[in-house]
Amino acid sequence: DAKTTQPPSMDCAEGRAANLPCNHSTISGNEYVYWYRQIHSQGPQYIIHGLKNNETNEMASLIITEDRKSSTLILPHATLRDTAVYYCIVRPKSGGSNYKLTFGKGTLLTVNP
Amino acid sequence: DAGVIQSPRHEVTEMGQEVTLRCKPISGHNSLFWYRQTMMRGLELLIYFNNNVPIDDSGMPEDRFSAKMPNASFSTLKIQPSEPRDSAVYFCASRWDHTDTQYFGPGTRLTVL
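So the protein lines, in turn, are chains A and B.
Reminder that position 59 of the first sequence reads as 59 in the numbering used here, one-by-one numbering, no gaps.
Add 1000 to the 1-based position in the second sequence for the numbering used here, that's all there is to it.
Derived by calculation from the structure, the hints in this document are not laboratory data.
We put the beta carbon where it would ideally sit given N, CA and C, even for glycine.
Incorrect hints may have been included.
[Unchecked claim] Counterexamples of contact, computed for chain B against chain A with all Cβ distances above 12 Å: (1) 1063; (2) 1071; (3) 1080; (4) 1086.
[Stated by the list, open to error] Distance condition first, Cα-Cα at most 27 Å in a straight line; then the derived DSS-like pairs of lysine-lysine: (5) A:100 - B:1068; (6) A:69 - A:3; (7) A:52 - A:105; (8) B:1078 - B:1068; (9) B:1024 - A:100; (10) A:100 - A:52; (11) B:1078 - B:1024; (12) A:3 - A:105; (13) B:1078 - A:100.
Let's have the full structure, built from the sequences with the hints guiding it.
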């Protein structure tokens, strides 16, 4: 599986957009980019995923660069409840091990009042 | 929808005792995952079931760990005998294969004294 690189921590002011970067320079054409987050003392929560097009849902937007070597998760209006560890994960679209989510260390996003 | 249900939420036991963790996946999901999270190793996949059959148990630490899924609505993770190094948060997750998204339970925090 392709590896991902994320900054260990970021801060954001409440109400502002939070932009979380992820590098996945060795991603292959068959691999999705997934984002999960883990709020303290809870299980990980799915946020969004994409292959090569930008995606948006009720939680966030995902911007994937044209060469697919990096992506940015955008929380448009961060709230205090968005404080969490955010994981960027690359996994195959299909194939024998496509069920695997390999969690790295993620980015601790702290939203400040 | 109740989500993934895990019990107990907290377990404190003494070294050498048997520990059984329980999981009820989301109704209709056909894949189930057990993960372990520690500060040192992060979030690791222990075992993956598909349609109640264990597919990948390569993450199970050793023979002291065993997992079963007798039916589509119930799974157990057993540790016997338990050791202090087994102290961790254990998460269960389920998925309907057609959606690719894993839904995590709240976790069981295990402390082995």
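Pair hint residue 100 of chain A and residue 1068 of chain B, alpha-carbon separation not exceeding 27 Å: holds, 19 Å
Any Cβ of chain A at or closer than 12 Å to residue 1071 of chain B, or is the non-interface label fine? For residue 1071 of chain B, whose nearest Cβ neighbour in chain A is about 20 Å away, the distance exceeds 12 Å, so it holds.
Quickly compare the C-alpha distance for residue 100 of chain A and residue 52 of chain A to 27 Å and report which way the hint goes. Holds. Residue 100 of chain A to residue 52 of chain A sits at ~20 Å (cutoff 27 Å).
Holds or violated: residue 1078 of chain B with residue 1024 of chain B, Cα cutoff 27 Å? Given that 27 Å is the threshold and the Cα spacing comes to 15 Å, the pair holds.
Next pair to validate is residue 1078 of chain B with residue 100 of chain A; report whether the Cα-Cα distance is within 27 Å. holds, 22 Å
Using Cβ atoms and 12 Å as the threshold, tell me whether residue 1080 of chain B really stays out of contact range of chain A. Its Cβ never comes within 12 Å of chain A, the nearest being 25 Å, so this holds.
Since residue 1086 of chain B was said not to touch the interface, does its Cβ keep a gap of more than 12 Å from each Cβ of chain A? Nearest chain A Cβ is 19 Å from residue 1086 of chain B, so the label holds.
Sort out whether residue 100 of chain A lies within 27 Å of residue 1024 of chain B, counting only the CA atoms. holds, 20 Å
Between residue 3 of chain A and residue 105 of chain A, does the CA-CA distance stay at or below 27 Å? holds, 11 Å
So if I understand the rule, the pair passes when the alpha-carbon distance is 27 Å or less; does residue 1078 of chain B with residue 1068 of chain B pass? Holds - the C-alpha atoms of residue 1068 of chain B and residue 1078 of chain B are around 9 Å apart, at most 27 Å.
Non-interface label on residue 1063 of chain B, tested against every C-beta of chain A at 12 Å: holds, 23 Å
Taken at face value, is the distance from the CA of residue 3 of chain A to the CA of residue 69 of chain A at most 27 Å? holds, 11 Å
Comparing the model with each earlier hint shows no violations; every hint is respected.
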